[in-house]
Amino acid sequence: MQQEFGALRVERRGAAATVHMMWPDGRIERLRQFHTEFPIALQQLRDDDEIRVVVLRGCGERFLSAVGRERPDPLGAPKSAVLSDPMNTYRAIRETAEILDTIVSMEKPVIAMVNGDALGIGLSIALFCDLIVAREDVLITDLHMAIDLFTAGLPPTGVVPGDGGTVILPLQMGLAKAKEFLFMGKPVTAKQLAEMGAINAAVPASELEVAVEEYVKDLLERPAWALAWTKVAVNKRLKQHLTLYQDTAMAFETVSMRAAQAKLEGGKGISHL
Amino acid sequence: MEREDGTVATDYPGLLVERQGQVATVRIRPISELSREEAARADVHWELGRVFSDLRGDNSVRVIVLTGGKDGLFLTPPLTKVYASDEGRKWRNEPARHWKVFTGIIRCHEAMASIEKPIVARINGDAIGFGSSLMLACDLIVARRDARIADMHMGMAEVEPYGPPYGIVPGDGGLSLVPLYLTPAKAKEYLMLAKEYSGEELATMGVINYAVAPQELDRVVDDIVSRLLKRSAFALAWTKRVANRHIVEQLNRTLDAGAAYELVNFHQIEKMEWVDRKNLD
Chain A
1 MQQEFGALRV ERRGAAATVH MMWPDGRIER LRQFHTEFPI ALQQLRDDDE IRVVVLRGCG
61 ERFLSAVGRE RPDPLGAPKS AVLSDPMNTY RAIRETAEIL DTIVSMEKPV IAMVNGDALG
121 IGLSIALFCD LIVAREDVLI TDLHMAIDLF TAGLPPTGVV PGDGGTVILP LQMGLAKAKE
181 FLFMGKPVTA KQLAEMGAIN AAVPASELEV AVEEYVKDLL ERPAWALAWT KVAVNKRLKQ
241 HLTLYQDTAM AFETVSMRAA QAKLEGGKGI SHL
Chain B
274 MEREDGTVAT DYPGLLVERQ GQVATVRIRP ISELSREEAA RADVHWELGR VFSDLRGDNS
334 VRVIVLTGGK DGLFLTPPLT KVYASDEGRK WRNEPARHWK VFTGIIRCHE AMASIEKPIV
394 ARINGDAIGF GSSLMLACDL IVARRDARIA DMHMGMAEVE PYGPPYGIVP GDGGLSLVPL
454 YLTPAKAKEY LMLAKEYSGE ELATMGVINY AVAPQELDRV VDDIVSRLLK RSAFALAWTK
514 RVANRHIVEQ LNRTLDAGAA YELVNFHQIE KMEWVDRKNL D
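As they're listed, the protein sequences go chains A and B.
To convert, note that position 87 of the first sequence is 87 in this note's numbering; the numbers rise steadily by one, no gaps.
Numbers given in this note's numbering equal positions in the second sequence, counted from 1, plus 273.
Isolated chain B, as found in the complex:
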């Protein structure tokens, strides 16, 4: 299924997959670059699940790089005004959409945790919401110093200009992965108060491997990739596999519960006519 130009012909309209030797680079295409037809079919959660399953079975690939398709943008969520629009609200609680997103999120995280090949995050720009979850689902993480990194689910539109004006459970992986990377107190601040960090701050805290100037990003990622490829193939594959067992277990413990509560929140807020509530009774 590989085309002559090295891209892979698949049914992932929201992604670009490039192959170079034993490295596959998966680029998340910005929504603005998709055609109308592609945008209608694209679902980044599902497609990432599928692409990682496909690459898992392809023994010619040993290392994967995950990156955004445009300078300054890894992956960001819809704008606050989209959440607040009539169209955005109408579409929000469509059961078929909930099903697709819910299963896609689980499929994506399971595939990233299970694949025997290291995934290097090339955080070429802002990684917010699911972008932040995806970053933490990678094995080695290199970010632009100035990348904005946040989980906006509980942001109350403070992570401008992104996310809903009301708070929802961070159910697309943040609740599962952030507690593995940050200390408990910092993790809860990140999730509950949607605290924003720069790539540089996260590198200083030891959460990600490196934060670099934009012009250094490719050099540092390429260096990591080439050093990974020097390792013995089977040993590297099984080291990734076993090192990630606790992540698979963590996903099993928390991912569906978080995603399900997030969906419940969306139904609640609809019943409350899109006005959030500050009391429990």
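Just chain A, same shape as in the assembly:
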């Protein structure tokens, strides 16, 4: 039973499947639909024994970003998608939990092919993958605490990084570096992350597809059940971290959005407790 999706495309080639996220052009307007469709697509890939390796990639110039120059109002997303509608708060939290749980739990390696900027939820999805291969010049950054970054003239504002950054950054880079990136929303390139050992490889744009293909080919040469169970065993720590951090972060992110919104609407500042 294969479902048709609007904001993503699943391309199957033999035992590998590639998910083109935010199909067809990566525009941010598609994020809401993508966010709803993505956990369903991931569950289907998990259920499908024909598929042994999954690749996640973006469309157009982006891997996956919740912010960008075409959306000048950085709080547009939380205001329209979450805060104004309690239904959406629930939906966004549930879908985020299911996306991360499924990437971590599915018994097949997931490769992030980071073809463009991965900001906010894009960072989380990239870093939750089992192998991460990126174009060397892209930004892979948790922007939650600096959502004004792309908007000149806006006062600094931010929300709690609730879509996975608090879980995954400390595992991929150590706590001190992770806090620096999370507290300040500090932009960091794939090249820098590769040098820190936080991702597997950062390569020139022209070499990205070949580099990912080689990982896929290499994985598919491994014995199927042994590879699947290796992933299950090695990801136990990641699952434990998800249980420990994820709901706290999601709930606080939603609460902090209210404060950030109040500030932008001219209310009491967000620089006082």
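There could be a bad hint or two in this list.
Here are the computed lysine-lysine pairs in the DSS-like style, where the Cα-Cα straight-line distance is at most 30 Å [unchecked claim]:
1. Lys513/B with Lys231/A
2. Lys236/A with Lys459/B
3. Lys459/B with Lys231/A
4. Lys459/B with Lys503/B
5. Lys236/A with Lys373/B
6. Lys177/A with Lys354/B
7. Lys513/B with Lys544/B
8. Lys217/A with Lys373/B
9. Lys177/A with Lys191/A
10. Lys231/A with Lys544/B
11. Lys354/B with Lys231/A
12. Lys236/A with Lys354/B
These are computed hints drawn from the structure, not numbers from a lab.
Since chain A is already given, all that's left is putting chain B on it; use the hints.
Relative to the frame of chain A, chain B by itself:
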């Protein structure tokens, strides 16, 4: 994907899913009622994982009832004679089957622990082995007084007529959930000696919410369901979610390890030509 008669058209041949208002009732169909074709495709572990994932994304459903499809039967394992038959032995250690069952068990437990909607167990009859694990994976549990409840993995065929004549690790969730519900000493007796309880005994011990006469089962379940539906929707969903975090963690700590050792046991017993061993060296 909802059909006109209210059942949901899906690829879960071993289950019946009925919708009534905000309540979805998932019935486990008895093997004896499945067609040959359905029986070949059915795998209750996998299908339950899938159905709970599907219901998780369906905001029109707020409460789920899990029950058996036939009076007196919630879910029971294969009979001892099936384990002992040539066909049963041949099929037992098929790697593809191990894969399917292993991943299905994990998928099912993860889905039940993670879903933001309360699951009410309507234990309409015997819940043995995975049936007992499933019962404990639910949030509120109502059982028939006379339901037999046991984990037969270590039963040495004493939980008649069910289970293997040899002992295997109770890896389909019992090792993970029983220690959360029974005191440590009682939990180990339940698992190691496959001690059988009735629904009534478990209610007296405080392990399940209610044990009732068969004719009272629907009334008590319906009452719980209607009281759950009176609660504020988001508050109830997140209360379930956070209350179950320790179960998710417990599953992560123990479920794959238990399932993996159970599979190892099956390989060992095959090597020993299906005769169990009472010494370690």
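Going down the list of hints, with the structure as the test:
Restraint check: the Cα-Cα separation between Lys513/B and Lys231/A comes to about 28 Å, which is no more than 30 Å; the hinted pair holds. Proposed proximity of Lys236/A and Lys459/B is supported: the alpha carbons are some 28 Å apart, at most 30 Å. With a C-alpha separation of about 34 Å, the suggested pair Lys459/B and Lys231/A falls outside the 30 Å cut-off, and the hint is violated. Our distance criterion of 30 Å between C-alpha atoms is broken by Lys459/B and Lys503/B, whose separation comes to about 36 Å.
Of the supplied pair hints, the one linking Lys236/A and Lys373/B holds, its CA atoms being roughly 20 Å apart against a limit of 30 Å. Of the pairs offered as hints, the one joining Lys177/A and Lys354/B is violated, with about 60 Å between alpha carbons and a cut-off of 30 Å exceeded. Annotation: proposed proximity of Lys513/B to Lys544/B is violated, straight-line Cα distance about 44 Å (limit 30 Å). Taking the CA atoms of Lys217/A and Lys373/B, the gap is about 24 Å. The hint holds against a cut of 30 Å.
For the suggested pair Lys177/A and Lys191/A, the alpha carbons sit about 15 Å apart, so the restraint of at most 30 Å is met. This hinted pair checks out: Lys231/A and Lys544/B have alpha carbons roughly 28 Å apart, not beyond 30 Å. Note on Lys354/B and Lys231/A: the hinted pairing is violated, with a Cα-Cα distance of about 36 Å set against a maximum of 30 Å. For the hint linking Lys236/A to Lys354/B, the alpha-carbon distance of about 37 Å lies beyond 30 Å, and the restraint is violated.
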